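Undergrad: Order-wise, the sequence lines are chains A and B.
FYI, in numbering that gives the first Met the number 0 the residues of the first sequence are 0 to 423.
FYI, in numbering that gives the first Met the number 0 the residues of the second sequence are 0 to 423.
Just so you know, the hints here were simulated from the structure itself, not pulled from any lab data.
Please read all numbers here as calculations on a predicted model, not as lab measurements.
Don't take every hint at face value.
[Said to hold, decoys possible] Simulated pairs of lysine-lysine, DSS-like, Cα-Cα distance not exceeding 25 Å:
id : chain 1 : residue 1 : chain 2 : residue 2
1  : B       : Lys121    : A       : Lys124
2  : B       : Lys124    : A       : Lys121
3  : B       : Lys16     : B       : Lys274
4  : B       : Lys121    : B       : Lys274
5  : B       : Lys275    : A       : Lys126
6  : A       : Lys275    : B       : Lys124
[What the hints assert, rightly or not] Beyond 12 Å from chain A on every Cβ pair, some chain B residues (computed):
id : residue
7  : Val111
8  : Lys121
9  : His143
10 : Asp191
11 : Lys286
12 : Leu290
13 : Lys307
14 : Ala423
Idealized CB from N, CA, C, for every residue including glycine.
Protein chains: 2
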Amino acid sequence: MQNSAERNLKSRLSELKSKYEGYKAMNLSLDMSRGKPDSEQLALSEDIFEYKYIGSFQSKSGIDCRNYGLLDGIDECKSIFSEILEVEKKNLIIFGNSSLSVMYDYISQCMVFGAGSTPWAKLDKVKFICPVPGYDRHFGICQHFGIEMINVPMLENGPDMDMIEELVKDESVKGVFCVPKYSNPDGVTFSDETVRRFAALRPAANDFRVIWDNAYCVHHLYEDRQDKLLNIFEACDEFGTHDNFIEVISTSKITFPGSGVAALAASDANIEAIKKRMTVQTIGHDKINMLRHALYFKDAEGIRKHMKLHADILRPKFRVVLDAFEKNLAGKGIASWTNPNGGYFISLDVSEGCAKKIVKLCADAGVTLTGAGATFPYGIDPLDRNIRIAPTYPPIKELELAVEILCVCIEMACIEKVLLAKAA
Amino acid sequence: MQNSAERNLKSRLSELKSKYEGYKAMNLSLDMSRGKPDSEQLALSEDIFEYKYIGSFQSKSGIDCRNYGLLDGIDECKSIFSEILEVEKKNLIIFGNSSLSVMYDYISQCMVFGAGSTPWAKLDKVKFICPVPGYDRHFGICQHFGIEMINVPMLENGPDMDMIEELVKDESVKGVFCVPKYSNPDGVTFSDETVRRFAALRPAANDFRVIWDNAYCVHHLYEDRQDKLLNIFEACDEFGTHDNFIEVISTSKITFPGSGVAALAASDANIEAIKKRMTVQTIGHDKINMLRHALYFKDAEGIRKHMKLHADILRPKFRVVLDAFEKNLAGKGIASWTNPNGGYFISLDVSEGCAKKIVKLCADAGVTLTGAGATFPYGIDPLDRNIRIAPTYPPIKELELAVEILCVCIEMACIEKVLLAKAA
Numbered sequence: 000m001q002n003s004a005e006r007n008l009k010s011r012l013s014e015l016k017s018k019y020e021g022y023k024a025m026n027l028s029l030d031m032s033r034g035k036p037d038s039e040q041l042a043l044s045e046d047i048f049e050y051k052y053i054g055s056f057q058s059k060s061g062i063d064c065r066n067y068g069l070l071d072g073i074d075e076c077k078s079i080f081s082e083i084l085e086v087e088k089k090n091l092i093i094f095g096n097s098s099l100s101v102m103y104d105y106i107s108q109c110m111v112f113g114a115g116s117t118p119w120a121k122l123d124k125v126k127f128i129c130p131v132p133g134y135d136r137h138f139g140i141c142q143h144f145g146i147e148m149i150n151v152p153m154l155e156n157g158p159d160m161d162m163i164e165e166l167v168k169d170e171s172v173k174g175v176f177c178v179p180k181y182s183n184p185d186g187v188t189f190s191d192e193t194v195r196r197f198a199a200l201r202p203a204a205n206d207f208r209v210i211w212d213n214a215y216c217v218h219h220l221y222e223d224r225q226d227k228l229l230n231i232f233e234a235c236d237e238f239g240t241h242d243n244f245i246e247v248i249s250t251s252k253i254t255f256p257g258s259g260v261a262a263l264a265a266s267d268a269n270i271e272a273i274k275k276r277m278t279v280q281t282i283g284h285d286k287i288n289m290l291r292h293a294l295y296f297k298d299a300e301g302i303r304k305h306m307k308l309h310a311d312i313l314r315p316k317f318r319v320v321l322d323a324f325e326k327n328l329a330g331k332g333i334a335s336w337t338n339p340n341g342g343y344f345i346s347l348d349v350s351e352g353c354a355k356k357i358v359k360l361c362a363d364a365g366v367t368l369t370g371a372g373a374t375f376p377y378g379i380d381p382l383d384r385n386i387r388i389a390p391t392y393p394p395i396k397e398l399e400l401a402v403e404i405l406c407v408c409i410e411m412a413c414i415e416k417v418l419l420a421k422a423a
Numbered sequence: 000m001q002n003s004a005e006r007n008l009k010s011r012l013s014e015l016k017s018k019y020e021g022y023k024a025m026n027l028s029l030d031m032s033r034g035k036p037d038s039e040q041l042a043l044s045e046d047i048f049e050y051k052y053i054g055s056f057q058s059k060s061g062i063d064c065r066n067y068g069l070l071d072g073i074d075e076c077k078s079i080f081s082e083i084l085e086v087e088k089k090n091l092i093i094f095g096n097s098s099l100s101v102m103y104d105y106i107s108q109c110m111v112f113g114a115g116s117t118p119w120a121k122l123d124k125v126k127f128i129c130p131v132p133g134y135d136r137h138f139g140i141c142q143h144f145g146i147e148m149i150n151v152p153m154l155e156n157g158p159d160m161d162m163i164e165e166l167v168k169d170e171s172v173k174g175v176f177c178v179p180k181y182s183n184p185d186g187v188t189f190s191d192e193t194v195r196r197f198a199a200l201r202p203a204a205n206d207f208r209v210i211w212d213n214a215y216c217v218h219h220l221y222e223d224r225q226d227k228l229l230n231i232f233e234a235c236d237e238f239g240t241h242d243n244f245i246e247v248i249s250t251s252k253i254t255f256p257g258s259g260v261a262a263l264a265a266s267d268a269n270i271e272a273i274k275k276r277m278t279v280q281t282i283g284h285d286k287i288n289m290l291r292h293a294l295y296f297k298d299a300e301g302i303r304k305h306m307k308l309h310a311d312i313l314r315p316k317f318r319v320v321l322d323a324f325e326k327n328l329a330g331k332g333i334a335s336w337t338n339p340n341g342g343y344f345i346s347l348d349v350s351e352g353c354a355k356k357i358v359k360l361c362a363d364a365g366v367t368l369t370g371a372g373a374t375f376p377y378g379i380d381p382l383d384r385n386i387r388i389a390p391t392y393p394p395i396k397e398l399e400l401a402v403e404i405l406c407v408c409i410e411m412a413c414i415e416k417v418l419l420a421k422a423a
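This is chain A alone, in the form it adopts within the complex (with noise of 0.2 Å):
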């Protein structure tokens, strides 16, 4: 004998079929997969072209841009990351276009020289904590070199602190990945506590890392809620720990992914190493480049200003994906999600057992979502429930049906869960 609950669960599973299945049959291709500027976002940073950002090639200590040299890039960048990140420019490197590589070199210098310690990959076992849900591609560097990864989960403030503190007691347990800011894809930023209590971090390993990506530190949604982010080696002064934090930052997401540049910030010693491998591996990176952006933006105000911009672009997409979540999952018990001040994502968490399931349906009707699992080492969430909605590149008519089948699939898959459990 059915009860009622259940007849109408039953009714509405067969009427959320019925608009599957007319979505599946007008053979869609959206994408909200990956966290990429749109096309009118691309568009806001083309004059950086304009030939007068160039024209001298001469940097204003006199370097010509365009000839081989000066390893760890002009000055003229490094003061405008100097403002945005509070370093002093000696504890400043520019890049080429990416924080991805330069993670992953880094990681990948601690693999064959260690940090002042003995080369990671001669120890039997490296460890590292990732924080949950987190960035599938710091997962992805930690597998690649053969690193254990370790779950923390995010709570409200950033990781919990607690697990970190009983985990750095173990000697293996090399460092943490982290974006501390609007994080991937939670969009938490870190409490003044947190970034304290990483900066207290006493850990058994002496070369202890922790790559702070501060991806989206200028990449605020509105005017009136901005999250703000202590920095970490002013935290780190209290505890003399400054060398266990590298951090990145890059452009990719203020004017070009790819086309951009990139920043790390460290402490002396770690500054030093650092230039130690970079002066067998390069002879330097993109100053022409370097140039066009520092000129393009002049300062971190110039930058501020500009981040407005790609904000007004987006903030009507977060809004789409927002509404339609409060209108169609509110109030039925089968799906929390964050509403970020901040960065480029939504998270978005589902009845236990329903992320796999709900992001194939979507497949099947044509619309990518970032795979179930990618915000999880391994590609394994162990409750199966966290999707990373990424809503920046869609146009915003392209992201309202999406996410509108996006809530179909969630709803069908959360009831059917739930019919199997009473019927089992």
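Model the placement of chain B on the given structure of chain A, informed by the hints.
TA: Relative to the frame of chain A, chain B by itself:
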């Protein structure tokens, strides 16, 4: 009792010394140390920054070059390098600004992951063959990774292949770094026979790799004296040894050092292994800069035409050095030098045991040369006789003066050596 020859030498020496003191009093600062293009050469490519070369931002295949993606570079760039290197596009990857980084990364990958083999970092000993004199940055990479270097002399047609064929019988010999065309510093282009013997190598190590640094492949100095290098991959067809070779090239000395594009050519298997690493390391290199280069040059012929303009600037500089050597050193039995058909260097051999002294004498008179020994592994020239002359960077007037001083220093040092020997 002095004989008349000795008296003549002493009188000549005192004449030279007084000249030298005169130069010293001029407080000069002349730099012939690095293979850098001069500002006239750099100006040749400035039109590349016209907006029309990037204006659409679309690659032929419809990729938006402003956004993320396309790990191995745009097709337009592959077409050009495919023509120049005579390899299929599928065997090419387009990189960022520097072939040096590409080589570093490749060796780093071999250290951590091997080349389809045990990671080199896990082996007791890894050795590389280094044709000498050679390029200091190749030696730098080996030294950085703890790879033991074995000197093999450069002969008229390339490195001593008899020696190389013997050395590769040792399983710990994992590779060779070489510049097969207009070699640094000798300007030697490997003969067809040398290339074939390279291709025919059957090393004991199954992960043997030749880094075929084709840095000067289009860098001819003369219209009527151009070297032709046999295509290494074609030579491999006979022996099935394609996996042994990693070829690199860049536009550093075609457009702008640091702001150009680099490329790697390799076998299907090697390309696959490198791409596998790259998917973790980067989301892609600067595609806007690739597009700029591709549309500016259009094809290999565009590059070849452009290189003639470089040659027009470089020929007179090489002439200055060669004329001064001819005038001041010929027939004295104290020096020999190369007269290359292309590349960036003249290789100078002085009397044994005199190179360091000469470089020091020049430095004291304000003329910076490439360090003596730099053209040998570990900075040790066993005969202390080779000096790499880089005539490209200084303006003609400065170059004339610098070479004049160099010739004085050479003669001084060599006469002093003879007198010292007589005294002993």
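Undergrad: Next step is simple, just say for each hint if it's right about the structure.
TA: Hints and how they fare:
1. As the CA atoms of Lys121/B and Lys124/A are separated by approximately 15 Å, the hinted pair is consistent with the 25 Å bound.
2. Distance restraint check for Lys124/B and Lys121/A: the Cα-Cα separation of roughly 15 Å lies within the 25 Å cut-off, and the hinted pair is therefore satisfied.
3. This hinted pair does not check out: Lys16/B and Lys274/B have alpha carbons roughly 59 Å apart, beyond 25 Å.
4. In summary, the hint linking Lys121/B to Lys274/B is supported, as the alpha carbons are separated by about 23 Å, within the 25 Å threshold.
5. Pair hint Lys275/B plus Lys126/A holds up; C-alpha atoms about 22 Å apart against a cutoff of 25 Å.
6. Annotation: proposed proximity of Lys275/A to Lys124/B holds, straight-line Cα distance about 23 Å (limit 25 Å).
7. For Val111/B, the non-interface assignment is contradicted: its Cβ lies about 6 Å from the closest Cβ of chain A, within the 12 Å cut-off.
8. For Lys121/B, the condition that its CB be more than 12 Å from all CB atoms of chain A is violated, with the nearest at approximately 8 Å.
9. A Cβ of chain A approaches the Cβ of His143/B within 12 Å, the least distance being about 4 Å, so the stated non-interface status is violated.
10. In this structure Asp191/B is separated from chain A by more than 12 Å, as the shortest Cβ-Cβ distance comes to about 32 Å.
11. With a minimum CB-CB distance of about 6 Å to chain A, Lys286/B fails to clear the 12 Å threshold, and the non-interface call is violated.
12. The non-interface label for Leu290/B is inconsistent with chain A: the shortest C-beta to C-beta separation is roughly 10 Å, within 12 Å.
13. Lys307/B, annotated as away from the interface, keeps every beta carbon of chain A farther than 12 Å; the closest lies near 20 Å.
14. At the 12 Å boundary, the C-beta of Ala423/B stays outside the reach of chain A, the nearest C-beta of that chain being 41 Å off.
Going down the numbered hints, you'll see the structure goes against 3, 7, 8, 9, 11, 12, while the others check out.
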